[in-house]
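Visitor: Protein chains in written order, with my numbering: chain A, 804 to 1458; chain B, 804 to 1458.
Just so you know, nobody snuck in bad clues.
Since copy identity is lost for identical chains, a pair holds within one copy or between any two.
Pairs of lysine to any residue, SDA-like flavour, derived with a Cα cap of 25 Å:
#1 Lys-1114 to Val-1417
#2 Lys-1441 to Met-902
#3 Lys-1083 to Glu-1433
#4 Lys-914 to Leu-882
#5 Lys-1441 to Glu-1107
#6 Lys-1083 to Val-1444
Just so you know, the hints here were simulated from the structure itself, not pulled from any lab data.
Quick caveat: nothing in here was measured; it's all calculated off a predicted structure.
There are 2 protein chains.
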Amino acid sequence: EMESWSFLDTVESNFRPLVVIELAKGTKEETIKWFTERIVDKKANGGEYRMIFCAQLLVKPLVTENGVENIYLVGASHLRLLLGAETVGLVKECSDNSMRAFTYSSRKTFKHFADDNHNFLTMAECQYIIKHELENLRAKNENMIPGYPQAKLYPGKSIVRRLLTSGILVQIFPLHDREELKKLSHSWYGRVKVGYQPLDDIRCYFGETIALYFGFLEYFTFALIPMAVIGIPYYMFAWEDYDKYVMFATFNLLWSTVILEVWKRICAILTYRWGTLLMKRQFEEPRPGFHGVLGINPVTGREEPVYSSIKRQLRIYLVSLPFVCLCLYFSLYVMMIYFDLEQWALDYHKENESNFSSLMLYVPSIIYAVVIEIMNRIYRYAAEFLTSWENHRLESSYQNHLILKVLVFNFLNCFASLFYIAFVLFDMKLLRQSLATLLITSQILNQFAESLLPYWLQKRYNRKMKKRMCSKKSDMDLSLAEQVNMEKEMGTYLGTFDDYLELFLQFGYVSLFSCVYPLAAVFAVLNNITEIYSDALKMCRVYKRPFAEPTANIGVWQLAFETMSVISVVTNCILIGMSPEVDALFPDSKMDLVLTVALVEHLLLAIKFIMAFVIPDKPRDIQTKLAKLEFESLEALKQQVRAFQMQLHFLLIHH
Amino acid sequence: EMESWSFLDTVESNFRPLVVIELAKGTKEETIKWFTERIVDKKANGGEYRMIFCAQLLVKPLVTENGVENIYLVGASHLRLLLGAETVGLVKECSDNSMRAFTYSSRKTFKHFADDNHNFLTMAECQYIIKHELENLRAKNENMIPGYPQAKLYPGKSIVRRLLTSGILVQIFPLHDREELKKLSHSWYGRVKVGYQPLDDIRCYFGETIALYFGFLEYFTFALIPMAVIGIPYYMFAWEDYDKYVMFATFNLLWSTVILEVWKRICAILTYRWGTLLMKRQFEEPRPGFHGVLGINPVTGREEPVYSSIKRQLRIYLVSLPFVCLCLYFSLYVMMIYFDLEQWALDYHKENESNFSSLMLYVPSIIYAVVIEIMNRIYRYAAEFLTSWENHRLESSYQNHLILKVLVFNFLNCFASLFYIAFVLFDMKLLRQSLATLLITSQILNQFAESLLPYWLQKRYNRKMKKRMCSKKSDMDLSLAEQVNMEKEMGTYLGTFDDYLELFLQFGYVSLFSCVYPLAAVFAVLNNITEIYSDALKMCRVYKRPFAEPTANIGVWQLAFETMSVISVVTNCILIGMSPEVDALFPDSKMDLVLTVALVEHLLLAIKFIMAFVIPDKPRDIQTKLAKLEFESLEALKQQVRAFQMQLHFLLIHH
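Based on the sequences and whatever the hints tell you, model everything.
Guide: Printed below as a string of structure tokens:
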């Protein structure tokens, strides 16, 4: 069943398919020829230094029973991958246990390196390198994609990105490694066990971004356990005395600061071990969707599309901002409808007191929770569309604007009703009931919509596929062609954004009104334990394998969580101040009460900031290791300078 | 009057003295010989690469009428200075107006560079290079300083630092350039003029740290003008309506945020022009006073003194912290005495109402202001002693601990009485009077103690010196020997710490209670205008020339000023809330008043943080220039990697 090598002029015999390229049906022959030639090209053009224009990879068309579909497998020789590892700045562990940027010339000093050890780079790393090389395949003197005159090119434009935006290239995705995946999924979620997730294995298979998400999810779950444990007796014995209340809230507030600070340290430990803490930031190219008039980029001096920053600002402030405000208004309008419903249910319950009517009391909250989820999802698409229309040049700037839009809306959408109940209606009973319903409903909905539903759909599809192929083989025995055809139909994992957002909102439910509903942390812990399993299932069985993405931290989410914990100080202080027990302590003067609450709040905030300042972001040994690396590179530079000066001096003295 | 070259074996003929080394009287001959030989040494020891052990500078003893005193002049050849500029990482302007790190091999691309242009490096830069080279003169195999068996050395220890700590080396200081100084002082403070200070000239003469201080002082004065201008009518017409009050305070609070954010941008513009924004951080060596048992530094792997971090923590928490608390308590105790005095003066005034007695009302505040100044100064010495005793390894860590200690005490010492009057006594009239007296007295005291007194002392001393030398020459015609003798007796400028501290406290007086005493900004502006002149006088005439110190920003002071502006939001909101006019707006419910004030305060704080987040720290064009440099260095690295890979590939293919 082996096909002949197509465009290969290499001595490499053990071609290992790593990445799949799917071209649109009916793509012109000349385009395919040009594209694949560019991928395998290894000629330096006319002596001039032009290696950046060819990727030197290996390509093979996929042949199935139906003949050649427009699907190509990409691999690379071992040497090519090692050189690519140097180009992307991969950091690996040396024999002396220190982490260093890999270079081909110093390859012998790295742990587990041997010229015939093809597992020195993990499969995820190889796929990341290939993706990087493909994306850096740039036009040299083409004005357009051969065969498609409307798909314009200019020197330096990424060919793959143009192919993607003009629809000729349907998708690029890395192949699963069925064997590894089976091992991983067994140790990850295959058996019910108490213990940590195999984070290092997850990182090897899925890359650092995803492993860090699971690391955070696990850490956050562990960190919530003390809150949950303390919360249970409060709920069970209905401890509502003043001092116990204050103690619980104070503990929660300080604890939430501590866990966020400690996470930074754990994150540093993890990413140091994975090498991404030391990885140099690559120069950021324009994002695929960015368009504009051809001009000169002031930074690179290259010709590329330029889009006026003023136009973008106008789009942001005159269109996006009003739209977001409108959405916020709409969300508040829906909230008011919910309160009407709530009132109606209450009236109904009063009129005909029955089991059914008391159950009816929960219905408005449940409906509202569902509506919130739906609105969040619809808004998400609108936000993506708008942010993309704002035409940001860099992916990071696009992401920041998208995250800001989504966070503001989701925050208001989820918590506005709770704020209204707490600080306008002053109805603690309703707050507790509403909080519980919202939290639990949203958790159930999320688990269902995110993992179980796609899993079930995927499973059904797989069964249908297999039936069509008339084969009864297990997943492990599928031929390469069958595997590729199966995987190309799987959903695409769109990144950790939604997963972090879910945790962020959960953190809000737990911390904003923690002193009203101490059981929230318990539900959060329970949810997160199942979340780990369902997310793991989702990654391994539902979605295409995602490309590994190196990262050194959880980025803007750290800031988002910290902001939430500052807001929660304010809300909790007000809640405690409003409780009748505290009220009773200041029988004479409401003034004293409010002033005391304000004082306590400011003190707590001050302690928070001082704690955040005092706790170092990186553990001492990581600091030492980083300082050592910096010292070494400074020394190396100094040696170079001195050696040069030495030569110069000898020249000056002896001639 | 020219002396013979002593240890020089160089062809360089135009020796320009740059730095003066003063050894203790009676230093042994062998020590002097060893030390000066090490300074001029240019032999690479035994083929081994050991250039770091010799400085290759030029040294000349100073001969006066009294024969050879232990004073040596240090200079360097032009080539040596250029190589040194590369070693310290100096950044200079290129012909294409971009800023780049100077390297000898690319010297032709730099603006104003010519092999015979000895002014390419400013004198301050040359002196900085020489200081760097002297401090990096390290012991190779000496176990002690020759002639002084008790002054131990170990390989790698800085010789100059050991000589300084063992008292053999009295001081090292850079020489003034009388001609340049005259030009600078004329354009700086010589004539009364409206306009900016010659910051670039100040930077050329005194270095970046001092120029940045004067830049900040000037900027801060300009920034205070709007506050002063708005404050005058408030004071004159006694506008005390609610809305005008709130407007004034709100303006002040937002303005103070804006000026601090804008300063960051101006600072980036200045330091980009001066090259320090791009200067790479050098590896930080242990500070001179640091001592410990000889051990292995985990970062450098070198043998050097090691001091247990636990011991240091114990010293900090068991000795320093209690001492600081004691001082704070003492300061509060003094404050209570002040209030007794104040009460006594009030009683006295009531008993015998006369002009004298009404004048007496101000006496306690004035005495208290003087006592505060004295306490601040005494505490400063104690803090320095304690922090030095804590035995910090790095200068930066020493500085941070010192600044923290001093700031906390000075803040409490200066503002505790005001806080007490405002929030315990609720006496707005006394607050206003006290604030005015404290502010004005401390300003007068500072100007006197810092500049005028030393200037007068210095002038008297100079006159005496000249009389003794029986010469009636002006400063310009002094011989080198006379100049050196004059300058070595001048005071040493101890850095910008005290100057920034003074501005910090002034900022506190202006912003913390701005709505009570709108005239504070006016006094601050007037003070700062004279401060510029008296500080300039101090730098040019009173003190020895300080070594230039490259810096990219005002460091921890930015944080200190920002913290102060956050605290001022809180105090101003409370003050406004307490004013009778605002009180009258909420006749029914004190609760509503307090809640409104708290809400406004939180809103203002939120706006502050959002503004700080939204305003970029660097102007767009500086950002572009920095991105361009980063892009270029990444490209250069990539080119290197690719070129290497290219070679390798050809090798693999052709052999």
